[in-house]
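Undergrad: Residues per chain, in single letters:
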Amino acid sequence: MRTRNLVRRALCALALAAGSGVALPALAAENLSMWVRASGANAAQRLTDLWNSGHADKITLTVIPDNQVVSKLANGVGAGNVPDLISFDLIYMPDFMRAGFLTDITDAMKGDPNFGKVAKAFAELASYKGRLYGTGFTPDVSILIYNKDLFRKAGLDPNQPPRTLAQIHEYAKKIRALGPDTYGFYFSGACPGCNIFTTSPMMVASGAKMLPAAAGDEPLAGTGVKEVLQLFRDMWTEGLIPKSAQADNGANFVANFKSGKIGIQGAGGFLIADLKKEAPGMDFGVGFLPGTKEGQASAFVGGDVVAIPKGSKHAALALQFIKWELSDEAQLEGLAKNNILPSRADLADNKYFQAEPRVVTTAKALGIGYVPWVFHFNDMVNSDASPWIQMIQGAVFDGKVDASIAKAKARMREIAAE
Amino acid sequence: MRHSHRRHAGLLYVLPALLFVAAFVAWPLLQLLRLSMTSASMLGPGSFVGWNNYLKAFRDETFWQSLAFTLQYTACITPILMVGGFLLALLVAEPGRIARATRGIVFLPVVIGLGSSSILWVGLLDEQVGLVGRLLVDLGLVAHPPVWFVDAELGMWAVIGTVVWKVIGFGMLLFVAGIQSVGIDVREAAMLDGAGYWQRVRHITLPLMTRTLLLTTLVSVIGSLLAFDQFYIMTAGGPRSETFTSVYWIYQNSFIYFKQGYGAALSMILLAIVLVLSSVHLLIARRGAPA
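The listed protein sequences correspond, in order, to chains A and B. Sequential numbering of the first sequence, starting at 1, is according to the numbering used here. Sequential numbering of the second sequence, starting at 1001, is according to the numbering used here.
For the record, the hints were derived by calculation from the structure and aren't laboratory data. The beta-carbon is built from N, C-alpha and C at its ideal position, and this holds for glycine as well. Some hints could be false.
As the list claims (entries may be wrong) - Reference listing, derived: stretches of chain A covered by chain B, where coverage requires no fewer than 3 residues with Cβ under 8 Å from a Cβ of chain B:
id, stretch
1, 155-166
2, 240-248
3, 253-264
4, 373-382
As the list claims (entries may be wrong) - Listed next, the stretches of chain B that the computed footprint assigns to chain A, with coverage defined by at least 3 CB atoms under 8 Å from CB atoms of chain A:
id, stretch
5, 1018-1031
6, 1042-1049
7, 1234-1243
8, 1256-1262
9, 1270-1283
One chain only, chain A, in its complex shape (with noise of 0.2 Å):
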């Protein structure tokens, strides 16, 4: 009784107030909380920098460290304690979709009509059994590197990178052939996280299937696989590649190529400024990475995605946070301005990129790109004794291109069953 009362007097005031003209106090602003991971941090910190400038509703970062980020989550959602927005590493997104940890966006997504923009490959990755878990939030792309001064040196046209695997091969022999300390390809060969990022767009270029989304799919089906193996062991032997690169575990992924000694590799968009930073001095170019035909050309998108973890306490406005952070607004000022690549395919062109082309082959890369949907990443790909990685120590350093390959599809068709 005494509740009605309190209702009825505040409905009047109400009323009184709107038909007086007095202004009425805004809702309280909310505080977000989201969690991003270490490597992630800098582009996320920009667009939160941004939105906190624009939005009464504020958003704390918290960074966690890359290897903390499925724990802390797993954790948080068992505890019931989970930020409002998480930024994680795209490739865990299959995994994390089907423990259930994610908020279902679909619905708030379907009519949103920057989200049909972003790449393709983010859209692709986030869905599990016909349902939206996210969207891209701060990408990374690999691309081919090339050192523009030995292309000349080497009677090559510096503003052609190579567009097929035997142009790699015969102008890799050509740098080569300038001297002892010179050498025309470089890929860090107990890497297995570079590889899947520089050396597998190769294989996909070539028409290869690089992973099984589910238990009965061929692993590493094409022939695109053994294209590429066959070609890093025809280097190999030959000597166009650094014996240090068989024991390379991603420690000097660009240190050799920033030693100015390298003609040609695969690497990530963040290289470019990296490289204007640390080896001015260097003129370089970057392609599309290739495959076996002119015109085949693919890409590794990686970097961040953002979702809604289960029991997010401010799911709606977390939600209008993913779609501002797909708005011309925070793509372009908040990313683009910054020298980040925005995760919008059509934005790759943009106002900030025009002095530096470089980047926008970078983002136009992101375009063409692909991720492998799969369970159990790690397993397969990213951990040190992955059955990728031994496929390509096998082959390429012990020449058994064949054998490494069925060993590792029988390997991953095991982990796809688990």
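Guided by the hints, dock chain B onto chain A, whose structure is given.
TA: Here is chain B on its own, set in the frame of chain A:
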């Protein structure tokens, strides 16, 4: 009655220590045991699977290979650390400015984290950009800079070299304390009896610091059996998974494959192995040590 009262008082005295051990050793251990009997993953709680994880571990070739590699690494590095640390201690045990300075210099790497020192050595040992290879070439010892981590054996010795550089100062310091604890009167008596320097070291210093030697060996052996950082950073388990240590393989399963239940079972097995080896070591020590 009085006797019982005294016993209760004694219990009260040890109660804080007992509580500490119960809370921080026994309880976590029980939790680990419980976890090891589940299919728990980072992505879900899992269910009770009994001894299945242990049975799986016995069939896990990489685990036993990693254990064999860990034992090999321990067997190789321990004598180097012990003999090297003792010889260094003999050099710097006597008072003097140069001895003190040398002690400080040798001990300096001990204060660097093992992770940091491993990263430092990865760069120094790199064939393309590292200084060590260049130095060896300039000295005429090799024609080309070696690629250290391309071969499991060579990689292990490279890691051993860097770990010895990093930790030998700690053993040296313990040995210095042991040497200095030997009474000057005993050493002088031996000198008066005509014993030379190495005779005094062999027949006086070494027997009187047996406990220090055994303690240092035990600490070193346990540290080596639990080796992780240096291999994680320098070899990444390669080439072809040949340099995985036991702890590294446990880490792979628990945090990379998310298989926490299985990782817990591997941890329990490793714990049992370390416990048995340490007990054997202590038994030998007790028999061999002077009364």
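Undergrad: Could you tell me which of the numbered hints above are not met by this structure, giving the numbers in increasing order?
TA: 1, 5 and 9
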